[in-house]
Structure formats: C-alpha cells, structure tokens
Amino acid sequence: GEDVEQSLFLSVREGDSSVINCTYTDSSSTYLYWYKQEPGAGLQLLTYIFSNMDMKQDQRLTVLLNKKDKHLSLRIADTQTGDSAIYFCAEKEDAGNMLTFGGGTRLMVKP
Amino acid sequence: IAGITQAPTSQILAAGRRMTLRCTQDMRHNAMYWYRQDLGLGLRLIHYSNTAGTTGKGEVPDGYSVSRANTDDFPLTLASAVPSQTSVYFCASSGGGIRGYTFGSGTRLTVV
Numbered sequence: 001g002e003d004v005e006q007s008l009f010l011s012v013r014e015g016d017s018s019v020i021n022c023t024y025t026d027s028s029s030t031y032l033y034w035y036k037q038e039p040g041a042g043l044q045l046l047t048y049i050f051s052n053m054d055m056k057q058d059q060r061l062t063v064l065l066n067k068k069d070k071h072l073s074l075r076i077a078d079t080q081t082g083d084s085a086i087y088f089c090a091e092k093e094d095a096g097n098m099l100t101f102g103g104g105t106r107l108m109v110k111p
Numbered sequence: 112i113a114g115i116t117q118a119p120t121s122q123i124l125a126a127g128r129r130m131t132l133r134c135t136q137d138m139r140h141n142a143m144y145w146y147r148q149d150l151g152l153g154l155r156l157i158h159y160s161n162t163a164g165t166t167g168k169g170e171v172p173d174g175y176s177v178s179r180a181n182t183d184d185f186p187l188t189l190a191s192a193v194p195s196q197t198s199v200y201f202c203a204s205s206g207g208g209i210r211g212y213t214f215g216s217g218t219r220l221t222v223v
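Going down the list, the protein sequences come from chains F and U.
FYI, my numbering numbers position 63 of the first sequence as 63, with every residue one higher than the one before it.
FYI, my numbering numbers position 25 of the second sequence as 136, with every residue one higher than the one before it.
By construction, these hints were calculated from the structure, which means they are not laboratory data.
Glycine included, each C-beta is placed from N, C-alpha and C at the ideal position.
Just so you know, not all the hints are guaranteed correct.
[To be verified] Covered stretches of chain F, going by a simulated chain U footprint (3 or more residues, C-beta under 8 Å):
no.: 1; stretch: 14-22
no.: 2; stretch: 72-85
[To be verified] Now the in silico label distances, taken between C-beta atoms and shown as ranges:
no.: 3; chain 1: U; residue 1: 116; chain 2: F; residue 2: 3; range: 18 to 24 Å
no.: 4; chain 1: U; residue 1: 151; chain 2: F; residue 2: 15; range: 26 to 32 Å
no.: 5; chain 1: F; residue 1: 15; chain 2: U; residue 2: 191; range: 24 to 30 Å
no.: 6; chain 1: U; residue 1: 174; chain 2: F; residue 2: 106; range: 26 to 32 Å
no.: 7; chain 1: U; residue 1: 164; chain 2: F; residue 2: 13; range: 49 to 55 Å
no.: 8; chain 1: U; residue 1: 139; chain 2: F; residue 2: 3; range: 17 to 23 Å
no.: 9; chain 1: F; residue 1: 66; chain 2: U; residue 2: 191; range: 43 to 49 Å
no.: 10; chain 1: U; residue 1: 151; chain 2: F; residue 2: 16; range: 47 to 53 Å
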C-alpha cells in the first residue's frame with residue numbers, strides 16, 4: 001500500500017527558513033498536500049501541488065516536488081513563532097478521494 | 112460558518128462504557144472519515160464513508176463502529192471503551208477534487 005514518511009521534529013530560529021521534507025511511495029499520486037495543525041486544533045490545509053508541477057509558491061510558502069524521487073518539501077521563509085505547529089504531508093491517489101498522511105513533523109521556532 | 116462540528120470537545124470515560132462521538136458537516140460533502148491521533152503514530156484511519164448509506168474499514172477499525180444514515184452526520188461509536196482507545200479523534204470530510212479534506216477540531220477522549 002501507499003506509504004508517506006516524514007521526519008518527526010525540526011527546530012529553527014525565528015527569521016530563518018524552515019524546510020520540511022516528505023517522501024511517498026505511490027507513483028500514481030495526483031495531488032500532494034501540506035496541512036498545519038496548531039496545538040489543540042484540527043488540521044488545516046496550507047497548500048497543495050498537482051503532481052505534474054515541480055514548484056508552487058504562495059507568499060512565504062514554497063512547495064517543491066521531485067516526482068522522480070517521490071520527494072516533497074515545504075519551505076517556510078522568514079519563519080515566525082506562529083509557524084510552530086505539526087505539519088503533515090498527504091498524497092491523494094489517482095482514484096477516489098482518500099488521502100494518505102505522513103506521521104507529521106513538529107516544527108519548533110525559537111525566538 | 113461552513114465546516115465540521117465535533118462533539119464533545121473532550122470526555123473522560125470509564126472503561127466498559129459505550130460512547131458515541133458526533134460529527135456533523137454542512138458542506139454537503141459525500142465522503143467522511145474518522146481518524147485517531149496518537150503521539151508518535153500520526154493519524155490513523157478508523158472508518159470512512161464514501162457516500163451516505165455506505166461505510167468502510169480503515170487501518171484501525173477494531174472496537175469502533177460507524178453509521179452514515181445521511182450526508183451530514185457520521186457518528187463514531189465505541190461499544191465498550193478500553194484504555195487503549197484514549198486518543199484525540201478527528202472527523203474529516205471531502206467533496207472530492209483538489210481541495211483535500213476539511214477537518215473538525217477534534218474530540219479528546221480519555222478512557223480510565
């Protein structure tokens with residue numbers, strides 16, 4: 001079955017860039033997503049990228065997709081303390097609505 | 112505000128008791144999902160429903176049941192709670208297409 005892997009933890013200083021990485025196994029993925037979960041809250045969609053794209057930029061967020069290596073990354077520029085959260089990547093297979101989630105990366109931003 | 116409502120927000124439950132977690136959405140999404148979130152284990156799918164009247168088992172269905180009598184509601188029932196069911200439970204829905212899932216705010220359940 002599909003598998004989505006993320007590192008558990010990332011710590012950065014305020015103002016630095018953060019890069020959160022994700023690898024997936026399903027070559028038929030159509031869309032890949034990044035969700036943000038703040039403490040005590042549900043997951044909120046941050047951004048998504050279609051599988052035929054290499055890059056998508058949205059303000060401070062840059063998503064890079066290497067489809068050959070099945071590697072997805074989320075870069076947060078000028079990281080702020082409000083960016084501290086758990087970030088989940090997810091992939092959607094070609095058929096149906098089901099998403100497969102990674103285990104989440106906890107981002108800690110130090111002042 | 113369109114979205115998903117989960118209830119209760121939190122609950123402490125005695126082992127062996129029956130409990131139903133409620134989930135209601137007002138977006139007319141066809142698909143709905145129940146996940147549990149445990150430290151170090153990420154999100155694990157319990158049950159799902161692709162459309163009203165149908166349900167399916169996810170990765171960790173044992174000890175849980177669901178029903179989907181209509182489009183809006185997708186309750187999750189623990190027939191006889193056990194301490195290993197202590198977790199945070201999230202309901203999600205999807206209308207298909209590119210938007211992915213919409214999540215509720217979660218129910219924190221402690222079984223003692």
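Going down the list of hints, with the structure as the test:
1. 14-22: Coverage by chain U is violated here, the residue count being 0 at a Cβ distance below 8 Å.
2. 72-85: violated (count 0)
3. U/116 x F/3: 18 to 24 Å: 32 Å, violated
4. U/151 x F/15: 26 to 32 Å: 30 Å, holds
5. F/15 x U/191: 24 to 30 Å: Since the Cβ atoms of residue 15 of chain F and residue 191 of chain U sit about 52 Å apart, the hinted range of 24 to 30 Å is violated.
6. U/174 x F/106: 26 to 32 Å: Roughly 28 Å apart at Cβ, these two residues keep to the hinted range, so it holds.
7. U/164 x F/13: 49 to 55 Å: The hinted range 49 to 55 Å holds for residue 164 of chain U and residue 13 of chain F, with Cβ atoms some 52 Å apart.
8. U/139 x F/3: 17 to 23 Å: 32 Å, violated
9. F/66 x U/191: 43 to 49 Å: 47 Å, holds
10. U/151 x F/16: 47 to 53 Å: 26 Å Cβ-Cβ, so the 47 to 53 Å window is violated.
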